[in-house]
Amino acid sequence: MNMPIRNTENVVALTQASAEVLPMPQVPAKSLLSRALPMMSEIAARIVPPLIVLAIILVVWQLATNSPKASLPSPLKIWQDSKDLIVDPFFVAGPQDIGLGLRILTSLERVAYGFGLAAIAGVLLGAIVGQSTWAMRGLDPIFQVLRTVPPLAWLPLSLAAFRDANPSAIFVIFITAIWPVIINTAVGIRNIPQDYRNVALVLKLNPIEYFYKIMVPSAAPYIFTGLRIGIGLSWLAIVAAEMLTGGVGIGFFIWDAWNSSRLSDIVVALIYIGLVGFVLDRLVAGVSTIVTRGTAQS
Amino acid sequence: MYLKIDHVDKTFQRGSQTTEVLRGITLDVAKGEYVSIIGHSGCGKSTLLNIVAGLTGSTNGGVILEGRQVDEPGPDRAVVFQNHSLLPWLTVYDNVRLAVDKVFSKTKSRAERHAWTLHNLDLVQMVHAKDKRPAEISGGMKQRVGIARALAMEPKVLLLDEPFGALDALTRAHLQDSVMALHQKLGNTVMMITHDVDEAVLLSDRIVMMTNGPAAKIGEILEVPLARPRKRLELVSDAAYTKCRAAVLKFLYERHRYVEAA
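Chains U and L, in that order, give the protein sequences. In terms of the numbering used here, the numbers along the first sequence are unbroken and rise by one, the last being 372. In terms of the numbering used here, the numbers along the second sequence are unbroken and rise by one, the last being 1468.
If you are wondering where the hints come from, they were derived from the structure by calculation, not from laboratory data. Please note: incorrect hints may appear among the correct ones.
Claimed, not checked - Residues on chain L that point at chain U, a partial pick, calculated with CB under 8 angstroms:
1. Leu1261
2. Lys1308
3. Tyr1459
Said to hold, decoys possible - Derived SDA-like pairs (lysine to any residue); straight-line CA-CA distance at most 25 angstroms:
4. U:Lys278 x L:Gly1280
5. L:Lys1312 x U:Ile364
6. L:Lys1210 x U:Ile282
7. U:Lys278 x L:Asp1282
8. L:Lys1308 x U:Asp158
9. L:Lys1308 x U:Val353
10. L:Lys1338 x U:Arg367
11. L:Lys1312 x U:Leu279
12. L:Lys1338 x U:Val365
13. L:Lys1336 x U:Ile364
14. U:Lys278 x L:Lys1237
15. L:Lys1312 x U:Arg367
16. L:Lys1312 x U:Val365
17. U:Lys278 x L:Thr1297
18. U:Lys278 x L:His1320
19. L:Lys1308 x L:Val1333
20. L:Lys1308 x U:Leu275
21. U:Lys278 x L:Trp1322
22. U:Lys278 x L:Ala1321
All residues carry an ideal CB built from backbone N, CA and C; glycine is no exception.
Throw the hints in and build the complete structure from the sequences for me.
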C-alpha cells in the first residue's frame, strides 16, 4: 500500500539528483569473485599437496604390485575385488555380510562404553591423586606399573572374569584408555595455581563445588590432552581385542578376511580404521578447544 | 576492638631449617579504619596479611575479628590479591556472581543476587565489560573486578595484598582514587599491604611500618592527620602530607635500610 508512494518519492529524488551531477566517491566494492579467490587458494593450498602425495603413493603402489605374481593387491585390484565395501558402507546382505560402516559402528559402540567409563573414572581418580599427596604416594607407583601392561595382555583375565566377549572387549578399552586420563588429570590438578586455591578458600567452596568450579575448568587443558591420548589408544586396542573376541566389529572383519585370503578387503578396512581414528582424534580436539576457550589463555 | 592482631609470631619450618618471619606483632584496627602495612620486600608483610585472611596459620598468638578468633579463611575477610586471581574461564560477571552466590545463597533470592552482582560491578565501573573474560580486559580492569568481587562479599575487613603493584603509574593513580572513593562511600575496614610510600600516605588513616626480617616487628605506627576526602593534587603541597611522607621515607631508608642478602 505504501510502496507506490515511496516509489514516486524515490523517482523525484532521483531526478533532482540527476540535475546536478555529484562526483560520488567510488565505493571499493569487491566483487564476489575477488573476495572468494584468496579463500579458495587458501583451501587449495591445504588440499592439493595431500592429494598429490596420495596420487603418487597410488601410482607407486600400482607399479609395485602390477605383476600377477605380486603377493599384495594393487589399487586397481582392490577396487575390483572390494567395490561393494568401498561404495556402500551400510549394506546388509546377511548376518555376517554387512557393510564396513556398520561394523565400524559396532566397534565404536564398544569404544564409547569403554572410553566413556575410562574418562569418568580417570578424571575422578586423577583428581584424587592430584589433590592428595598421600593418595599420590600410594597409587602413583601402582599406576606407573599397570599402565605399561599392553592392552591385549588384559584380555585373557578379562574373558575369565566376564565370561563374555563384549564386556571383555569393553574392559580392555577401559583399561587401555584410563592411564593417560588419570596421569594427565593429576598433573593438571597439581598445577592449579595457588591463586585459584586461595579464591576457593576465601569463598569457602565445599569439595564438590571446588571440583566443578575450580578443579575441572582449571585442569581442563590437561584433562583433554589425556582424553585425546586415551581415545587414540582405545581405537588401537579395539581392533586387536576384536580380532581375538570375534563378533561383528571391524577387528574381527580383518581377521576373518585374512583367514579367507581376502587381502583387498583388509586394505579397505585399514583405510576405514585410519579415517575413523582421525575423526575421533579431531572430535576430542574440537571439543577441547571449545571447552578450554577461557582456560588456555590466562 | 574491631580487629585485633594479638602477639602473632610466625616461624616457617623447612626440613631442619627454621626461619622466624614475624615476632610479636600486635595491632588493633578500628571499624572503618584504613590501615596500610609498609616494609621492604621479604619483611613478612604478606605473611601477616595471609594470617589475618586465615590462609596461613600463626605459630603463636592469634587474630580476633569482632570477638571471634580467626582460624580459617572466609568471606568475612575478603582478599584482593596482587595478581587479581580472577578465574579465566568465567566472565567478569560470573567471577563476581560466584562469590555472591556462595556468600548469599541463603539470604538473597536469585534476582537479588543478580542485582547485587551488577551493583558491585557498577561500584567499580565495570558493568560495561560484564560479559568479557579476564583475558580480554586490561590489568587495571581485572583489578577492579577483583575489588568488586571482594566488596560483593560484604566483608568485615577488606584485605588488599599490594593491589596496585602490577599496574602502571597512571592506572594505579586512577585505581587508588577509586578505592578512596569506595572507602568513603562504604566505610569498609581496610588493611592494605604496600611498598609504595605515596600510596600509603594518600590512602591510609594509619601506616604500620615494619622492620626488616627475619623476625620482623612493627617498627613504628604513623597517624596520617589528613582530612577526607583527600585530593591527590592538593596534597602535593600540603605540609602534613609532606611530613608524613618524610617520616615514612626516613623509617624505610634511614633507620631500616634494606640490606641486600642480609
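Checked hints:
Interface hint status for L:Leu1261: upheld, as the beta-carbon distance to the closest one in chain U is roughly 6 angstroms, under 8 angstroms. Of the supplied interface hints, the one on L:Lys1308 holds, with its beta-carbon coming within about 5 angstroms of a beta-carbon of chain U, less than 8 angstroms. Of the supplied interface hints, the one on L:Tyr1459 is violated, with its beta-carbon coming no nearer than about 32 angstroms to a beta-carbon of chain U, more than 8 angstroms. For the given pair, U:Lys278 sits about 6 angstroms from L:Gly1280 by alpha-carbon distance, which is consistent with the 25 angstroms threshold.
For the suggested pair L:Lys1312 and U:Ile364, the alpha carbons sit about 33 angstroms apart, so the restraint of at most 25 angstroms is broken. Proximity of L:Lys1210 to U:Ile282 is assessed by CA-CA distance (about 34 angstroms); at most 25 angstroms being required, the pair is judged violated. Pair hint U:Lys278 plus L:Asp1282 holds up; C-alpha atoms about 11 angstroms apart against a cutoff of 25 angstroms. Restraint check for L:Lys1308 and U:Asp158: the C-alpha separation of about 61 angstroms exceeds 25 angstroms, so the hint is violated.
With a C-alpha separation of about 41 angstroms, the suggested pairing of L:Lys1308 with U:Val353 is violated against the 25 angstroms cut-off. This hinted pair checks out: L:Lys1338 and U:Arg367 have alpha carbons roughly 12 angstroms apart, not beyond 25 angstroms. The suggested pairing of L:Lys1312 with U:Leu279 holds, with an alpha-carbon distance near 15 angstroms, which does not exceed 25 angstroms. Taken as a hint, the L:Lys1338 and U:Val365 pair is honoured in the structure, with Cα atoms around 16 angstroms apart against an allowance of 25 angstroms.
This hinted pair checks out: L:Lys1336 and U:Ile364 have alpha carbons roughly 21 angstroms apart, not beyond 25 angstroms. With a C-alpha separation of about 24 angstroms, the suggested pairing of U:Lys278 with L:Lys1237 holds against the 25 angstroms cut-off. Only pairs whose Cα atoms come within 25 angstroms are accepted, and L:Lys1312 paired with U:Arg367 is rejected, the gap being roughly 32 angstroms. Taken as a hint, the L:Lys1312 and U:Val365 pair is broken in the structure, with Cα atoms around 31 angstroms apart against an allowance of 25 angstroms.
Proximity of U:Lys278 to L:Thr1297 is assessed by CA-CA distance (about 20 angstroms); at most 25 angstroms being required, the pair is judged to hold. The suggested pairing of U:Lys278 with L:His1320 holds, with an alpha-carbon distance near 20 angstroms, which does not exceed 25 angstroms. Only pairs whose Cα atoms come within 25 angstroms are accepted, and L:Lys1308 paired with L:Val1333 is accepted, the gap being roughly 20 angstroms. The hinted pair formed by L:Lys1308 and U:Leu275 meets the criterion: a straight-line CA distance of about 12 angstroms does not exceed 25 angstroms.
For the hint linking U:Lys278 to L:Trp1322, the alpha-carbon distance of about 19 angstroms falls within 25 angstroms, and the restraint holds. Restraint check for U:Lys278 and L:Ala1321: the C-alpha separation of about 22 angstroms stays at or below 25 angstroms, so the hint holds.
Against the hints set out earlier in the document, violations occur for numbers 3, 5, 6, 8, 9, 15 and 16.
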